[in-house]
Amino acid sequence: MSMGEAIHLALDQALAADERVFLLGEDIADPGASGPTGGLSTKHGADRVLDTPISEAAILGAAIGAAIDGMLPIPEIMIMDFIGIAADQIVNVAAKLRFMSGGRTTAPITVRTAVYGGLGTGATHSQTLEAWFMHTPGLKVIVPSTPRDAKGLLTTAIFDEDPCIFVEAVRTYGQRGMVPVDAGFSIPLGQADIKKPGTDVTLIGYGRGLVEALGAAAQLEQDGVNAEVLDLRTLVPLDVPAMVESVGRTKRAVVVHDAVQFAGPGAEIAAILQKELFGELAAPVERVGARFVPNPAAPALEAQVYPSADRIVAAVRQTLANA
Amino acid sequence: MTTEPQGGEPGAEVQRRIYELMTLMKAADDRLSKGIGSGEFICVYWPSRGQEAIAAAYGVCLRPDDQLVTTYRGLHDLIGKGVPLVEIYGEMMGRQVGASRGKGGTMHISRPESGVMLTTGIVGAGPPVAVGLALAAKRKGLDRVTAVSFGDGATNTGSFHEAANMAAVFELPVVLVCQNNLYGEMTPVEHTMKVEHIADRARAYGMPGVRVDGNDPLAVVAAMTEAVDRARSSGGPTLLECVTFRFRGHYFGDPMAYIPKEQFEAAEQADPVPRFRSRLASSGICSEQELDEIEAAARAAVEEALSIVTAAPAASLDELDRDLYANPHNCPA
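Respectively, the protein sequence lines represent chains R and F.
Residue numbering for the first sequence follows the working numbering, starting at 1 and increasing by one per position.
Residue numbering for the second sequence follows the working numbering, starting at 1 and increasing by one per position.
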């Protein structure tokens, strides 16, 4: 099934399994819903799949309040660029409640949000902002790259006791793969996954960038370079042991993500790798992220911004040049 | 549309209880302020002295299972909702006996067992969360009410606007209590909005708006009772504007240069706590001796709590490793 269908199935099964679960957001109920939530309100009721006004701060605040009271809300921020409006609630309330209250109150929300990058929508409708939330103690950040991972991780996130940000890339919604349909199928957070074993270099990525990395690995294969592709799947928790184990073997690392490269998640990953493996690495850690510009709208320009297989291959060659 | 509250006066027992609460709130603030001013206590504090009538109304209008969201200027609200003084002072002073064992501080005191679900440090952040709490009550079919305190300044935030609108649209059991103390930080309210009555803003959301003298506890109780009853019987939210005054400025130590002398003196003359005392005495509900005993008991309770807190150990260092995540496996630390 597709990524969008896998996300739909995870939501459907969670709603069926537990009456504490409910969704809230803009245009998520039928007949107006067009994304993965389509069909859910018809099946589970409009009170469990709640259409809200355009009020991101209130959507998040309402989710947090309901979560404090024992429910499992799944608020949606339709397009990740809108998350700034909700940021106060996410960062100053949800992330900090457990700590500030000494554990007396918590906010087990799962914020679903979609990245519309690469679709020509322009700078305020295409950002990849997981770094903001990786940087906020108290949140968990999940960015799946396959339909199977999306279903397994979303199910885990919904029932996780901590606030989770679940980032979906619209460009991957159509991507297809095998997905366990069992309602109990879940993938633990903080567990990276080797999508392609290899020996010469580790491509570390997540989300849509991971898909690009697999494309690069296929290209490299033809040139006799055997790249390992490690899918982090979650940024917080971060599977540091898996990163260190993989790069410890290959001695070379290229981090790939659609988020802006400067001060992006790759910077933290690279810092960890160089600290843990200093002296063992055969080359400096390379990063391939988005260019440091607001996303331009024209397709010819936007195509230059994101990591491409070619840019990743070039980065790998850099690491191999340092032999 | 702004309306005047209806209804007769509460009974003698309730009035006495109101005075007990107001006196305790005043004593708790007076003693804390004295101690911070002298250096006896070290903590940050946003004083609620002057706003006791509103919080005393919470004490008599809300059920134990009703919920409250309040702000960093919340000492009075916390007392009104029954949070023990030791937990309040302890949290303000970073001790292990504090509500969050020292991790939240003055601005972030929660005590869900008393119905205090959240105290916010960000102006306007409370109403959206109150909407969620009320949404949960409605979803669960409970007749529980959520009250949320916020100031005049908060009503200018987008966050308040979104929450008020959503409360009305979803017909939620929430009472939005604006404690209009005439100043948003250091700026007078008339410089921050064109509307003269914050209660008039309710009209924009399609909910009832009521404005009362926030220094008259019986007026507040009457209006709050009506709003709580409306919420409890599925009648939806109310915006209740309680006009009051804060005697110690925005933060403890605020020189209050921005408050005109005449205004301050007039407010002191109308101090709600001694004014209600006089009313109880002249109406015969309490004798002067009873009133003196209430005040002495309040001061004693405050001293007892402070002696426990000042003797309590400081927050433990291992608290830094606790309560960040339920399951911290592979999370940064």
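Everything labelled a hint here was simulated from the structure, so no lab data went into it.
No residue lacks a Cβ here, since even glycine has one placed at the ideal position from N, Cα and C.
Fair warning: there could be bad hints in the mix.
Taking CB as the label site, the calculated pair distances span [to be verified]:
1. F:LYS140 - R:PRO284: 50 to 58 Å
2. F:LYS140 - R:PRO188: 24 to 32 Å
3. R:LEU301 - F:GLN96: 53 to 61 Å
To give an idea of the chain F side of the interface with chain R (calculated C-beta under 7 Å), a few residues [what the hints assert, rightly or not]:
4. ILE42
5. HIS108
6. SER110
7. ALA163
Within a straight-line C-alpha distance of at most 30 Å, the following computed DSBU-like cross-link-like pairs (lysine-lysine) qualify [said to hold, decoys possible]:
8. R:LYS251 - R:LYS275
9. F:LYS140 - F:LYS194
10. R:LYS275 - R:LYS195
11. F:LYS138 - R:LYS43
12. R:LYS196 - R:LYS251
13. R:LYS43 - F:LYS140
Tested hints:
F:LYS140 and R:PRO284 have their C-beta atoms about 56 Å apart, which keeps the hinted 50 to 58 Å range intact. Between F:LYS140 and R:PRO188 the beta carbons are some 30 Å apart, a value that agrees with the proposed interval 24 to 32 Å. Against the hinted window of 53 to 61 Å, the Cβ-Cβ separation of R:LEU301 and F:GLN96 comes to about 58 Å, which satisfies the hint. Residue-level restraint check for F:ILE42 is violated (minimum Cβ-Cβ distance to chain R is 20 Å; threshold 7 Å).
For F:HIS108, the interface hint holds, the least distance from its beta-carbon to any beta-carbon of chain R being 4 Å, beneath 7 Å. Given the 7 Å rule on beta carbons, the hint for F:SER110 holds: about 4 Å separates it from the nearest Cβ of chain R. Residue-level restraint check for F:ALA163 holds (minimum Cβ-Cβ distance to chain R is 5 Å; threshold 7 Å). Taking the CA atoms of R:LYS251 and R:LYS275, the gap is about 13 Å. The hint holds against a cut of 30 Å.
Simply put, F:LYS140 and F:LYS194 have alpha-carbon atoms about 40 Å apart, too far for the 30 Å limit, and the pair is violated. For the given pair, R:LYS275 sits about 25 Å from R:LYS195 by alpha-carbon distance, which is consistent with the 30 Å threshold. For the hint linking F:LYS138 to R:LYS43, the alpha-carbon distance of about 21 Å falls within 30 Å, and the restraint holds. Of the supplied pair hints, the one linking R:LYS196 and R:LYS251 holds, its CA atoms being roughly 16 Å apart against a limit of 30 Å.
As the CA atoms of R:LYS43 and F:LYS140 are separated by approximately 20 Å, the hinted pair is consistent with the 30 Å bound.
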